[in-house]
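Same order as they appear, the protein sequences are chains A and B. Quick note, the first sequence lines up with residues 1 to 360 if you use our numbering. Quick note, the second sequence lines up with residues 1 to 360 if you use our numbering.
Treat the hints as calculated values from the structure; they're not laboratory data. Please note that a few of the clues may not be correct.
Identical copies go unnamed one by one, so any copy, or any two together, can satisfy a pair.
To be verified - Using 30 Å as the maximum straight-line C-alpha spacing, the simulated DSS-like pairs for lysine-lysine come out as follows:
#1 K51 - K260
#2 K274 - K179
#3 K27 - K231
#4 K26 - K2
#5 K119 - K311
#6 K98 - K37
#7 K26 - K37
The model shown is predicted, which means the values in this text are computed figures rather than measured ones.
There are 2 protein chains.
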Amino acid sequence: MKNIYFTVGPSQIYPTIKDHTFRALKKDIFSLNHRSKQFEELYQSIDTRLKELLSIPSDYSIFLLSSGTEAMERVIQNTVEGKSFHIVTGTFGDRFYKTSQELGKSAQAHVYDPLTLFKAKDITIPSDAELIALTHNDTSTGMQIPAKEIYEIQAKNPHALIALDAVSSMPYMDIMYDKVDCVFFSVQKGFGMPAGLGILIVSPRAMKKAKQLQEKGVSIGSYHSFLSLEKSTSKFQTPDTPNVFGIYLLANVLQDFLGKGIDVIRKETEIKAKMLYDFFESSDIFTPLIQDTAHQSKTTIVAQVKGGSTKLTKMLEKKGYRIGSGYGERKDQDIRIANFPAHRIEDIKGLIRCIEELVA
Amino acid sequence: MKNIYFTVGPSQIYPTIKDHTFRALKKDIFSLNHRSKQFEELYQSIDTRLKELLSIPSDYSIFLLSSGTEAMERVIQNTVEGKSFHIVTGTFGDRFYKTSQELGKSAQAHVYDPLTLFKAKDITIPSDAELIALTHNDTSTGMQIPAKEIYEIQAKNPHALIALDAVSSMPYMDIMYDKVDCVFFSVQKGFGMPAGLGILIVSPRAMKKAKQLQEKGVSIGSYHSFLSLEKSTSKFQTPDTPNVFGIYLLANVLQDFLGKGIDVIRKETEIKAKMLYDFFESSDIFTPLIQDTAHQSKTTIVAQVKGGSTKLTKMLEKKGYRIGSGYGERKDQDIRIANFPAHRIEDIKGLIRCIEELVA
Chain A
1 MKNIYFTVGP SQIYPTIKDH TFRALKKDIF SLNHRSKQFE ELYQSIDTRL
51 KELLSIPSDY SIFLLSSGTE AMERVIQNTV EGKSFHIVTG TFGDRFYKTS
101 QELGKSAQAH VYDPLTLFKA KDITIPSDAE LIALTHNDTS TGMQIPAKEI
151 YEIQAKNPHA LIALDAVSSM PYMDIMYDKV DCVFFSVQKG FGMPAGLGIL
201 IVSPRAMKKA KQLQEKGVSI GSYHSFLSLE KSTSKFQTPD TPNVFGIYLL
251 ANVLQDFLGK GIDVIRKETE IKAKMLYDFF ESSDIFTPLI QDTAHQSKTT
301 IVAQVKGGST KLTKMLEKKG YRIGSGYGER KDQDIRIANF PAHRIEDIKG
351 LIRCIEELVA
Chain B
1 MKNIYFTVGP SQIYPTIKDH TFRALKKDIF SLNHRSKQFE ELYQSIDTRL
51 KELLSIPSDY SIFLLSSGTE AMERVIQNTV EGKSFHIVTG TFGDRFYKTS
101 QELGKSAQAH VYDPLTLFKA KDITIPSDAE LIALTHNDTS TGMQIPAKEI
151 YEIQAKNPHA LIALDAVSSM PYMDIMYDKV DCVFFSVQKG FGMPAGLGIL
201 IVSPRAMKKA KQLQEKGVSI GSYHSFLSLE KSTSKFQTPD TPNVFGIYLL
251 ANVLQDFLGK GIDVIRKETE IKAKMLYDFF ESSDIFTPLI QDTAHQSKTT
301 IVAQVKGGST KLTKMLEKKG YRIGSGYGER KDQDIRIANF PAHRIEDIKG
351 LIRCIEELVA
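Can you build the whole structure from these sequences, using the hints too?
Structure follows, in structure tokens:
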């Protein structure tokens, strides 16, 4: 039986991934030297294509890391001397907050009740916060922060850098990059790739901060400090031996995405999300966990299930539909469905039909 | 034309890798959740198989990182409060030394002239060094430190922890693990895998040191601190989303290695190394860079080429044999040939024959 993975990550692979893998084997990509011209061309094409796809300014840096979690560590090390401020809407915001504490910084947090909608005006940020960290899309609740709330925070705190965890909302997330400084994501979600690669987008302002910290004698890390990364990236190399196969896949998936067009990808994401939300809203059994449309995630759809979700999740698995259970304490109450570019409209239709049959 | 990669890493892939990749695609490994039972079983099998293959004590921890370079950073963060001591025999020893400096430690080094043979008795190590770092096999010169020299250093400095970079000598390296504390390698060399995974083996003594540092309020890092790794590893999970495909391949390659037997792998490595050294020694054109047999690397064979190496390297490439040029300033003087389990005896014979024809 062929499975379709609606898990929130690792998730369904993008339809072209298998062919790219076969081509990688043919082209000896598993043996490709990371100091070769061919590797540099791959990295350069990622830089060019990602900037084109997401309208990232050309003077921003694109760094290749190993995970979104690593990105949190590198962001804190390179942008915070004293104080970071964290808007915690779920587990990953909390992970970011703890990372800062573990690295010996003075971290402060505004912890949201998971189901409270995000409003910039509710949050008081101390004027000495050097970094404000947010999670764009929370996969535990399916709450997504509207871009205008992020802009409002940025406008009110012009001296702070803004770090945005976009792990589960890229490439859908549409943001003006001149208003944010460190944006990161990993490839096993919206890019439909195997896990093992994290991408960190860094503004010139954040680069400058890293340089200032180093000049002051603050440790900004070693091989993956922003300055070490930048030195290698200027030649389209990496300081360490990276996941070359992942980098090859990413270069190719980006080309596929450009071929399709970001507008089409975003539009399809919204159409598929609406299909799921409409279905849940019309049902007596399901209730979307987040009610406000502006805050409803388009990439992670979470719904409460009357009578519990465990039985349904297991029955769907038998039919080849792998969906996520609820997060943490809500494990047996909710279902969570990823909606990434790898999920076709007919996959969503099939999933809805299957749920309808099972709960009928 | 089929290429054979004798580059020192990334290098030739192990003969089973392609089939493991096809099976991975069939089994949806690219979509495998890193919090699933199936993932835990993979990690557990790596733990069991690696310990069996290399005779690692059962109370040592096996951590999954992203590269050997990352391992250097984690080792320094978790075992050094004040002073580390580095025996620098080449570029990677220097990278380890710089890592400690960059992380704000007081790092001291004994820097060898690259072609001086390693002798433990020549090195004076300060009594307050908390960590002694060595590179087992130096890929720039082809110099390998004999195990007895490492034991001598350990015996003379019983209070220090020993960190051993075994990136380019595993699984060939045969060491008594109770005499070393942090041993690391990456998979794109001796394990014949695509790059993107680093393995760190940690002794209970080093774990204890990390705990002491944390209790003293020294930052030991965040998600990849020894304590955070240990907490996840106790459930055979990882703190972050790792390179799941790499982990799948490693579990399978370890099984292949166990099937073959470590004694056979080591014996074959020595036979192939001897073939290359004998050939170079019998030739008027080549001279092994390291003359002393006990210090000659068995996994990276480096030879000076009379009249320069560039032309030969390029001619070999045209015949499908990819070998390494000399390292750094010796780029045009030497050739470097990797000798890993993926390289069959007939591959080495073919390479030697081809070189003979080209220089005839």
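Check each numbered hint against the structure and report the violated ones by number, ascending. Hint 5 is the one this structure does not satisfy, whereas the remaining hints hold.
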